Every structure is written in structure tokens, then in C-alpha cells.
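Heads up: the protein sequence lines correspond to chains A and B, in order.
Per our numbering, residue 1 is the first one in the first sequence, and the count goes up by one each step.
Per our numbering, residue 1001 is the first one in the second sequence, and the count goes up by one each step.
Bear in mind the hints are in silico, worked out from the structure with no lab data behind them.
Please read all numbers here as calculations on a predicted model, not as lab measurements.
Among these hints, one or two may not hold up.
[Claimed, not checked] Residues from chain B shown here face chain A by an in silico Cβ test under 8 angstroms; the list is partial:
hint, residue
1, L1066
2, R1069
3, I1071
4, Y1073
5, P1075
6, A1080
7, F1084
8, S1094
9, C1130
[What the hints assert, rightly or not] Derived Cβ-Cβ restraints for the label pairs, each shown as a range:
hint, chain 1, residue 1, chain 2, residue 2, range
10, A, L291, B, G1051, 22 to 32 angstroms
11, B, D1083, A, K387, 55 to 65 angstroms
12, A, M108, B, T1067, 51 to 61 angstroms
13, A, I63, B, Q1076, 23 to 33 angstroms
14, B, S1135, A, E245, 44 to 54 angstroms
15, B, K1053, A, E245, 54 to 64 angstroms
16, B, L1124, A, S10, 49 to 59 angstroms
17, A, L288, B, T1067, 47 to 57 angstroms
18, A, S264, B, D1165, 23 to 33 angstroms
19, B, T1067, A, V141, 33 to 43 angstroms
20, B, G1163, A, R39, 13 to 23 angstroms
21, A, I63, B, G1101, 39 to 49 angstroms
22, A, P71, B, G1015, 30 to 40 angstroms
Glycine included, each C-beta is placed from N, C-alpha and C at the ideal position.
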Amino acid sequence: MPEALSFLFSHAFMLRALVVGGLISLCCALLGVSLVLKRFSMIGDGLSHVGFGALAIACAANIAPLYFSIPIVILAAFALLALNEKGRLKGDAAIALISTGALAVGVMVTSMTTGMNVDIYNYMFGSILAMSRSDVALSAVLSVAVIALFFVFYDEIFAVTFDESFAKATGTRVSAYNMLLAALTAVTIVVGMRMMGALLISSLIIFPTVTSMRVCKSFGKVTAMSVAVSLVCFFTGLLVSVRFEAPTGASVVCVNIAVLLVFSLLGFVQSRSEKSRLFRFKKPLCVLLALLLIAALALPLFGPVRSEADDRPQVVATGFAPYDFARQIAGDRADVTMLLKPGEESHTFEPTPQDIDLIQQSDVFVFGGGESDTWADSILQSLDSDKTHVVRMMDCVALEEEQLLDGMQPEADTDEEETEYDEHVWTSVPNAMQISDAVCDALCSADKANEADYRANNEAFQKELSALDAAFRALAEQKKGQSFLVGDRFPFLYFAKEYGFSFYAAFPGCAAETEANPATIGYLIDKAKRENIRTVFRVDLSPGNVAQTIAEGCGAKVETLWSCHVISAEDFENGETYLSLMQRNLRALRNA
Amino acid sequence: MALIDCKHVSLGYEGRIVASDVTFQVERGDLLCIVGENGSGKSTLMKAILGLKETESGHLHYGDGLTARQIGYLPQQTTAQRDFPASVFEVVLSGCLSSKGRRLFYGKELRRRALDNLNKLDMLPYKNHCYRALSGGQQQRVLLARALCATGTMLLLDEPVSGLDPLATAEFYRLIRRINHEYGITVVMVSHDLHDALDLATHILHMKQSGAFFGTKEDYLQSDVYRVFTGGGSHA
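Please model the entire structure based on the sequences and the hints provided.
Next comes the structure, spelled out in C-alpha cells:
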């Protein structure tokens, strides 16, 4: 069995994804035939945007997302139908109005409450991990209902799809069946969009039908072929996503595109062979060719899911700082992996199925434990506590509440009672020392044989950290009374508190938005002018446009500070470390 | 007793009357053509006959065992249909939908009815062909077979030859005549082509904003309405 395949069946979360995804694909294919042929394809797209808006509101109001968004999307579907039938607005305009409207509302609600967090990001682009056990049950019930209703009303759906006027004249309740179709579509989209993403779910509805229409000549065959195409594409797409660590939704759509191209070619060949006597091309041969081509699509799956791990203890760290600590202490005695790939956006990071596998197999797992690591909670529950030693960095140090510095643009939040602790604990060197000690302890208990080496490495590393600490303390003394301006997110709260540096900054450390409002920028420019600040800092890997704007406004230059959360690909290649990056910060602050 | 008895009916939509005082009867075996200019209320009348629209005033009665649901309707084709992946048999079978009742699938009897009607229109060899691959004339015959599946009494045709070439048109009219004569099915046809209508019809209903003309073809040819409509001289 290819590795990607065995991976699929050996993890509960992948099996859940497989079951829900399969059922959703089936529903989408069935409904898609009618929607595409009725020229209603765009309704699917419109509804997925409404679904996004509803999910955003549900998230903000802390309501169970499915129970809230399903009724909303069904209502939207009825509204679209009504607008379409009344003829006041043309169908496409009505859909565009409702879908962009819902998207805008969703974005507004999001930005005013939780910010663009992982949940919202997942609703946009889908997440294979979004399926909880209760979701599976709900999805299964809904899908079975969709499938059953489709088969019970198959003849009616055909009649209504092919010719509304005739069906109406012979006494079929056309609008009732239209509403049924719309409601079923709404349910399918809401259930499916969490896996596929709001932006891609409608493709599941459209692609299989359009693909089948290339070669099939009857409604029944188109329906059956759509179901087959949809299931094959979903399954292949899932394998592709496992094999290449790509998002599931996008993988499924890409496979669909490939199959559509193959079927278009087949359809072309078929029509040519019907017209010319010279060019005989029988149907079974076509089908055979199609199967062969699909098999060819599946070939790249036969490869390793990820390079084989060696016998050394496995350490998995989320960000760059803990990765580097573990690397310094482990030396070549253990294999250290960093989950956040160089250059990756840390605050919307979500582990791939392989990442989860890696964590589950690891001996030591080091993570932050803050706002951007909420995904880790569910994984921790599934960990074998005898095997994996977990280091939660925020447990190693005294925490600071995330706070607003002078001039900072507040992050709107719904939950006032819940204190949010800043998660960038490693920016203070004494914290780094404590974390390193914890990592060292974890490594020692995971791999007793090499304890002496780990202890020695840690001691050497602690010495270097102490030297760095001393350098910062000296600088703080020298810069007393001077303020620094960070025109960016501010991950240096622990750093500033530790050494007594005074900072102005545009956003809190984990703020989702990096688009400053004009008032914030204006305020910071005034500050910089009044205090004669000559350097505006940006944080490494951020777009830096806010810092740039402020710098232009007050005639200062832009310099970079390194947060050590995520590292750029270039720095990673060059073998930069926590120490070397903090040295850069030291120089940058000294020159400011 | 007449199949349809329509007395002093006014038709309109959204409160606007498009035709008033429409009176006519359809007897078993008639071939009635409804003619008139655009906007004279032809399609509104058709909807009223099918029971899809209330009349504003007047009486529209069905008789002789006919109900609105038992009228075999041949609507104008939509662009979506021309490209629809359905087999000829699937399309014709969907005409039996109202007879299917609460059963889950079409029974043997209904399938035979569909095949019979395909045969009546010489389309049986095309049973498994794809609807969208047929010529315009063939498609129209398939839809006619479907309409026959829904009725044993009366057909209502809405501009059935629009978009057909002259040859297909002639062929289609031949079939209409045959259905009317051989199978004794009453036909009501909306047409914008007066020449064809006069060729085919036993009765003519000429729709006008007020005072529509109804009568046999012979009466119609003598009427003022006809003379004005064909531009034959001014108002008498």
C-alpha cells in the first residue's frame, strides 16, 4: 500500500475527513447536476459566501457555527430563489449582491471582534482538521438526508430541471422543488465549506457535472458519472494533499481540473468518431482510456510521505526560537524539526496532517502555548504522555498580559474577562535561559543515555545567553530616557519589560491586522517628530508598509528588528541562530 | 359539452388588463389557432388555460372530463434545453410525471405509454439518442411526444415552429394534423404566423385588447378583424 494511503487510514482525523468529505462530494455531485443544468451554478458560489459571513458571526457571538449558519444559509437560498423568480433583479446580479454583501459583513464582524484568526482563515480556505467527532455525526445525517431526498424525488427533479414551464403545467409544484434543491444545496455547502473552504466549496458542485457532461448523453448517466468523478477526485485530492502537504480543498479542485481536461478530450474524440467513419472510437475504449489517465494522476502518490526519521530522539518545536534552543542543546544527538517553515505566517499557522503525525511520534515537543498555538490543545490530548515530553514555553516563565502601549491600535475583542498573555516569551533573554533549561530537562528524560552531552551543551549555551543578557542591560543603561518606535506588530513586550526599554508601537504582538488606521499612524508620526526619533523599526518578515509610512512622515529611516518567531528562508539557509539574530537587534537598537 | 368554455374573460397582470371580453369554446376534435399581435394577451391566455394564472374577471370552465392538469403542453424551448444532456426517452417519460402519483419510479405501463407516443411521432429509433444532438425539428417532436404522454385529450402548443426551417415546419404541421385527425386529439395552438394558422385551423381566436374575434376559419376570413390585420383596406 502506498504510504500516503496507509497514512490516510491510520489516523482518526484523516478517516473523519475521508468520511465527511466523501459524503459531501456525493451530495455536491447530485445537487450539482441540477444546479448546473438550471444555470444556477452561481447560487452555490453565492451561498458559500453567505456561509462565510454566517460563520464569522457565529464565531464572534460564540454560537455553535453549524447550528447558526445552516438556517441562515437556507434563508439566503430562498431569498435568492425569490429574487430570481420575481424577476425584479436578474439572477446573477442578485447573487453578486448577496454574496459580496455577506462577505463584507463577515469581514466587518471579524475585524471588529476576534480579528483574522485561525478559525476564520480556515473557513476561507478549508481545513482537514476542522472535523470534530460531533461534526462527523451531523454531516453524516445531513448527507444521508440529502441523498435520500434526491433519490425519492429524482423524477420530479429531472422534470423541474429540464423544463419548468412544462412541469408547472402538468401540476408539479415547481417552486416547492426549487426550494428543496436550494435548501439541500445550502446544507451541503455549510457542512462542506469547513473542509473545502468557502472560496472553493462551489467547485465541488460545478466541476463533476461539467466534467460528466463532456461524455455522457443522458441525465441518469450524467448523475451517476458526476458522483463517480466527484468521489474519485475527492479521494485523489486527499491523497495529493497528504503526499504534497497541500491544503485539501485546493488539491481536490486541482484534481478536478485535470479530470475535466481529460474528459473534454474524450468528449472531443467521441464527437469526432461519431461524425467520421474513418475514425472509429468505441465507448468502452473511451472509458478505459479515462481510467488509465486517472490512474496516471494517482501515480505521484506512490512515494514517501515524508523523509524517514532516524533512530535519534525526535524533537519537534513550533517556532524558530524554541527550535534553536533545542538545536543548541541537542547538538547532533537528537533530530530537531521546526514546524513553522521559514517565512511562514505564524499567526495563521495550522499543522498539516504530517505535522500532527510528527508531533505524535516525537519524544520532545516544544510549543508556545499562546493564542496562535490553540491548535496544539487537541493534539496534546491525543499524545502518549509516556513517550512525548511536552514543553510549553509559557509555563516556563512569568507571564505578561498583552497590553496596549502608548499610541497602539487596540485589537477589538469580545471577551473582556479573558486575559490575553503575550506569547513571545523568548524575546527576553532570561526567559530564553529558563526555556532552554526546560528543553534540556525534557531531552534528558527522553534520552537518558546522552544526558551528560545535553547538560554540557546547555551549560555552554547558557553562558552565551548570559553574555547577551549583560550586553542588553548595558545598552538599556546607555539608552535610558530614549524611546523606540516600532511601526509594526510588537512582539518585544517581554524584552522591553525585562530591560526597561521604552517603546511605542502600532499593534500588539499577535494582532491580526497590520493595516493601521490613519489615526494611529498620525499619532505615531507626531510622537516621532516631537521626540526626534530618527529610526522607525519594522519587524522581520512583515510587509513593513506601516513603518515605511511613519518613517516618511517624520523623515526617519526604517530598520529591522528580529522577533525570532519565524525566520526568513535566507537567514535559515545562512545558519542564523537566536543569538545571532538577537545580536542584530542589539546593534540596531544601539544605532537608533 | 365543450372542453373549454371561456366567457367574457379579462386577462392581465399586476392590475393591468391586457385583454378583455375574450369569449370562445373549444369542442372535442377542434384545431384552434390563437393569433394576434405581440402584447395582445396570447401567452397570458395560455397560462390561464393551463390554470397557472387567475383571470381578472369572467368565466373559464373545463368540461367533458378535462382538467387543467390534463392538457398536454408544448412550451417554447429555452436556451438551456438545447444543450441539455438527457436521452430522448428520459424527456418523453417526464411527460408521465403527473400520472406517476406517489410511486417512486415510473411503472411499466407509463414506460409503454412513452414508447407508444415516441412511435406515433416516428421517433422510436431515436429513443436512446441524446436530446441535445437532435435537430430542431426532431427536438420539437420529442417535446410533442412528451406532451402526448401528459394527455389523451388536448394539446396546447406555444409557437411550436419558431426557429424551425421551412422543411421541418411543414413536417411538424403534418404531424399536428395527424394527431388531430387520426388520434382525435384536440389542439390549441398559439401562432404568430397567420398564413400557417389559416392553413391548419378549424377555428381562429384573434386576440385584441378588447373584443377578441372567435369563430370558424370561414367566418374569420370574412371578418373585419382579418381585413384590418392583413392590411386589406381601412376600417369599414
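Each hint, compared with the structure:
1. With 8 angstroms as the threshold, the beta carbon of L1066/B stays out of range of chain A, its nearest partner Cβ sitting at about 13 angstroms, so the hint is violated.
2. Proximity of R1069/B to chain A holds as hinted, the smallest CB-CB distance being about 4 angstroms (cut-off 8 angstroms).
3. The criterion of a C-beta within 8 angstroms of any C-beta in chain A is met by I1071/B, whose closest approach is roughly 7 angstroms, and the hint holds.
4. At about 4 angstroms, the closest approach between the beta carbon of Y1073/B and any beta carbon in chain A falls short of 8 angstroms, and the interface hint on this residue holds.
5. Among the interface hints, the one on P1075/B holds; its C-beta lies about 4 angstroms from the nearest C-beta in chain A, closer than the 8 angstroms criterion.
6. Taken as an interface hint, A1080/B checks out: its beta carbon lies about 6 angstroms from the nearest beta carbon of chain A, inside 8 angstroms.
7. Satisfaction of the interface hint for F1084/B is found here, the shortest Cβ-Cβ separation to chain A being roughly 6 angstroms, below the 8 angstroms cut-off.
8. A cut of 8 angstroms between beta carbons decides the hint on S1094/B: the least distance to chain A is about 4 angstroms, and the hint holds.
9. The beta carbon of C1130/B comes within 4 angstroms of a beta carbon in chain A, closer than 8 angstroms, and the hint placing it at the interface holds.
10. For the pair L291/A and G1051/B, the beta carbons lie near 50 angstroms from each other, so the given range of 22 to 32 angstroms is not met.
11. Range check, D1083/B to K387/A: about 60 angstroms between beta-carbon atoms, so the 55 to 65 angstroms window is met.
12. As the Cβ distance of M108/A to T1067/B is approximately 54 angstroms, the hint placing it in 51 to 61 angstroms holds.
13. The hinted window of 23 to 33 angstroms between I63/A and Q1076/B is violated, with their beta carbons roughly 48 angstroms apart.
14. At about 53 angstroms, the beta-carbon gap between S1135/B and E245/A stays in the expected band of 44 to 54 angstroms.
15. The given range of 54 to 64 angstroms is respected by K1053/B and E245/A, whose C-beta atoms sit roughly 60 angstroms from each other.
16. For L1124/B and S10/A, the hinted distance range of 49 to 59 angstroms is satisfied, since their beta carbons lie about 56 angstroms from each other.
17. Separated by about 52 angstroms at the C-beta atoms, L288/A and T1067/B satisfy the suggested range of 47 to 57 angstroms.
18. In this structure the supplied range 23 to 33 angstroms holds for S264/A paired with D1165/B, their Cβ-Cβ distance being about 31 angstroms.
19. For T1067/B and V141/A, the Cβ-Cβ distance of about 40 angstroms falls inside the hinted range of 33 to 43 angstroms, so the restraint holds.
20. The hinted range of 13 to 23 angstroms is satisfied by G1163/B and R39/A, whose Cβ atoms lie roughly 19 angstroms apart.
21. About 43 angstroms separates the C-beta atoms of I63/A and G1101/B, a value consistent with the hinted range of 39 to 49 angstroms.
22. A hinted range of 30 to 40 angstroms holds for the C-beta pair P71/A and G1015/B, which are about 35 angstroms apart.
Going down the numbered hints, you'll see the structure goes against 1, 10 and 13, while the others check out.
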